[in-house]
Amino acid sequence: MTANAIPEGSGEAPVVQVRSLTVQAKAKKAPKKILDNVGMDFAPRSLTAVIGASGCGKTTFVRTLNRMVELTPGLTVSGQVLYLGQDIYSRSINPVLVRRRIGMVFQRPTVFPMSVFENAAFGLRLLHESDNEIDSAVQEALTRSGLWDEVKDDLDRSAFSLSGGQQQRLCIARALAVRPKVLLMDEPTSALDPMATQRVEATMRRLKEEIVLILVTHNVGQAARVSDRVAFLHQGRLVETGPTAEILERPREELTQQFVTGRFT
Amino acid sequence: MATVLDSVTYPHGLDPSDDLRRGNTARLRWRTGFDRWIGYLLPLLFLVALVPIADLVWYIGKTALPTLTFTVISSQNSFQSYNALGVPLISTFYILGLATVIAVAFGLFGGIATAEFLSESAAGWVRMSANLLAGMPSVIVGYFGYFAFVLYFGWGYAIIAGAFTLGFFMTPYIFRTADLAFSSIPRPIREAAYGSGARPVQYILRVGAPIAFPQILTGVFLAMAIGLGETAPIILTVATNVAVPTNLSQGATYLTYLIWTGFQFGPHSVELTLAFEAAFLIVVVVIALNIVVRVIAARFRRRLEGLYQ
Amino acid sequence: MSTTPAAGGEADRREPLPPLDSPPDAARRPRRGWKGWVGVIVPFIPALVPAAIVISVAVTLVNASGLHNFGWGFFLPGSSANPYGVAVEIVGSFLTAVPALFLSMILGLGIAIASVVYLPTFITRVLDPFVDLLAGIPSVVYGLWAFIVIAPIFGTVINPWAVEHLSFVPGFARSIIPPSPTTAGTGLPLAIIVLTLMALPITTLLIRDALRSIPKDLWESGLALGATRWEVMRRVGLRTGSRGIVSAAFLGFGRAIGETVAVAMVIGVDARFPVNVYDVTSTMAAFMFENLDSAESHPALLQNLAELALVLLAITLVVNLVGRRLVSHIYAGEVAGI
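Residue numbers (this note's numbering), protein chains in the order written: chain A, 1 to 265; chain B, 266 to 574; chain C, 575 to 912.
If you are wondering where the hints come from, they were derived from the structure by calculation, not from laboratory data. Take the hints with a grain of salt, since some may be wrong.
What the hints assert, rightly or not - Within a straight-line C-alpha distance of at most 25 Å, the following computed SDA-like cross-link-like pairs (lysine to any residue) qualify:
1) C/Lys790 - A/Ser54
2) C/Lys790 - A/Leu75
3) A/Lys208 - A/Arg19
4) A/Lys32 - A/Ser20
Unchecked claim - Quick partial rundown of chain C residues pointing at chain A, CB under 7 Å, derived from the structure:
5) Asp791
6) Leu792
7) Ser795
8) Ala798
9) Leu799
10) Gly800
11) Ala801
12) Thr802
13) Val810
14) Arg813
15) Thr814
16) Glu870
We treat Cβ as the ideally placed atom computed from N, Cα and C, and that holds for glycine.
Could you build the full structure based on these sequences and the hints that come with them?
Given below as structure tokens:
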């Protein structure tokens, strides 16, 4: 599928552009294509939901956007992922820097065995920022993540003392602390109860006014609630992408229609 | 004067497009470079472990092989002379064999009983005691054998004393493997057996044993490898009689004893030669047993994965 | 036997069934009999063997040592055959085991991190078992190799070099007693090296297990924040695996302090306080091992040795207890025989 560019006239250049992205796994007989010629753009201050059945490649897709796909052995990546016009896979680019600009939140809350403050400050400490900077950045991150009010009284308590939903919001704050322009979220609420899910979704709605969010979800309802655009992947191919309302109510492709109506919760 | 923490959005649109290049500061390059170089240096530490063992095996092999002729080991002479390996080999065989029988008797039943009959909390205590037993210095077990078997039981320096002492030393290794082997039999299989009305003995013999056998075998081999290399439990309980032992209450010698007595002699003395030959034989057998154990363990793991489907 | 319906008398002799809602009472439950009890108890007995052995060891040693009538005076000189008292051996044990533990932990950490983080799988699959193989080499063989191969290197190369260049460091100056040719190179440093090699497989294995069991998600979260592999391991990995690492330290120390024969072969023949780095000394285990046969005719020395054995036993039991408790799966390191 060719890229679905941002509609003309919006006036803003896309932050992330994916061109002909193909990911192959070395298999016994023939290389298996996990992603096949995917192309899309991501506009600033938007939330794009990537949906599809299990195994369709959506997790692999987002992992190519911050070069985490390199951690899985045996995969070849071809194509381009442009961040602000620059190919993040080019040899002269440091992947560590890419990951600071394009952050990621995982499915299970993965808080480090440290205090709440130290968790949020983790990325900043790597940059050797001054203590004042760190304090204010931590507060800012926790506020943006919607966790500040709940933890501000005791930032030194262990991160494990938080509930699951709070831990996940701490992970979001941790990722936000280094001020990424893009935040990748791989099914961040699938391990959370409905209340916690609501809170995280509220955070997502706030954040999409500021940065680019790319959300992988198997929950079409969630996509409907929070996203501006939806991309539907099927067996490694990008079937269709467009504004949320269009995709979910009037999809152009048969496959999309089947998936959306079968999974609407 | 952009700081590293850029503002969230630039007032006039997006960042300059070469952000990824500008952001690669000296500090970041240092961090990345350090990580790369540590990745080259740390693996070199493997050499610290591997070079000594390679040198050890090579040196012992190089010293022992030329003299390790067939006549030394097996000629008729070697069973009467004090200067050959025949007698120690037979003695070692006897003592180790007996010790293995004892260790299997105690360890196998104990391990199976722990896995099958004990509650989790009781099993925890028992397993801890097995670990403690495994962690006891060999000289302590040797002392126990001396005081208990040689003195109090009055057996004197005898093969039977040595076999029991060494056997007790080897027991926890067989115990642990038997326990682990039976504990890791998949639950559905166990429940199916008991659910069809099997009594514990029937389950153990007909269902558990075939499944657990390879793993228990590795435990026995491991224990034998350990028993072959032990010195203290033997020396403190078995005298140094060099004759071929004819009954259990006599003393006997052992391969490791040859090393212990011979190592301080001069370079071409009989004693030192025998020491190296004994060391060579022990190392070869121990390494072989270890390899066999690993191979069995790997194949067993694959079989067990099949059982889960 | 008549098949006619029972007469009234027989019917009365049959026991009446209990009413439906009454609880069964003890008299009506079938009694087990002694055979049944055996069937219940007997299976448990073999499981007690390890505990029984451990307890027997302790009891035997206590009995042999006559602790009840000897008291703790054996630490001090004068009361044992060793004119310095067993303090020498105890100090010697720690003087050798502690540096060996330190070295083997550092090496173990480095090797484990290299194996878990930096090296590709096909290499670690081959190299890791080699390090584990170190644990299988018997103590005597280590001692033989160290005595024949390494000690001369110390005696002819390292020690003279150190005397020439490092004599300003306290403890490295020339010893008053010139070493004899057979024992040149033996002593503390050689013992420490041998013990390091023998404790290394334990520390490496346990640390490697601890680091391998870090959840993949956690590791990737660290990387996704813009950290290098070293930074994630240092700041997150070591903390998460800290239990296993501490357990490695305890169990490695237990091995180092309990090592008998290899140490006895390289630590030198005389049991005295070492005056400098090149001097010989003794450890608890080595001393116990070497002197039991000469103690046969000296009951006092025998009791002393038994007391020393109790001290060593107590130390190893405590160290092993703490070390094993820290690891969640109670049979860590099982395949390598640790």
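How the hints compare with the structure:
A hinted pair counts as satisfied when its Cα atoms are at most 25 Å apart, and C/Lys790 with A/Ser54 qualifies at roughly 20 Å. With a C-alpha separation of about 18 Å, the suggested pair C/Lys790 and A/Leu75 falls inside the 25 Å cut-off, and the hint holds. This hinted pair checks out: A/Lys208 and A/Arg19 have alpha carbons roughly 23 Å apart, not beyond 25 Å. Pair hint A/Lys32 plus A/Ser20 holds up; C-alpha atoms about 16 Å apart against a cutoff of 25 Å.
For C/Asp791, the interface hint holds, since its Cβ comes within 7 Å of a Cβ in chain A; the closest pair sits about 5 Å apart. With a least beta-carbon distance of about 5 Å to chain A, the hint placing C/Leu792 at the interface is held under the 7 Å criterion. The criterion of a C-beta within 7 Å of any C-beta in chain A is met by C/Ser795, whose closest approach is roughly 4 Å, and the hint holds. At about 4 Å, the closest approach between the beta carbon of C/Ala798 and any beta carbon in chain A falls short of 7 Å, and the interface hint on this residue holds.
The closest approach between the C-beta of C/Leu799 and any C-beta of chain A is roughly 4 Å, which is under the 7 Å cut-off, so the hint is satisfied. The restraint placing C/Gly800 at the interface with chain A holds, with a minimum CB-CB distance near 3 Å, inside the 7 Å limit. Annotation: C/Ala801 was flagged as interfacial toward chain A, and the flag holds, the nearest CB pair being 5 Å apart, inside 7 Å. Using the Cβ-Cβ criterion of 7 Å, the hint placing C/Thr802 at the interface with chain A is satisfied: the shortest such distance is roughly 6 Å.
With 7 Å as the threshold, the beta carbon of C/Val810 comes within range of chain A, its nearest partner Cβ sitting at about 5 Å, so the hint holds. Evaluation of the C/Arg813 hint against chain A yields a held restraint, the C-beta minimum of about 5 Å falling below 7 Å. Taking 7 Å as the C-beta cut-off, the interface hint given for C/Thr814 holds, the closest approach to chain A being about 6 Å. Hint status for C/Glu870: violated, given a least beta-carbon distance of 56 Å to chain A, over 7 Å.
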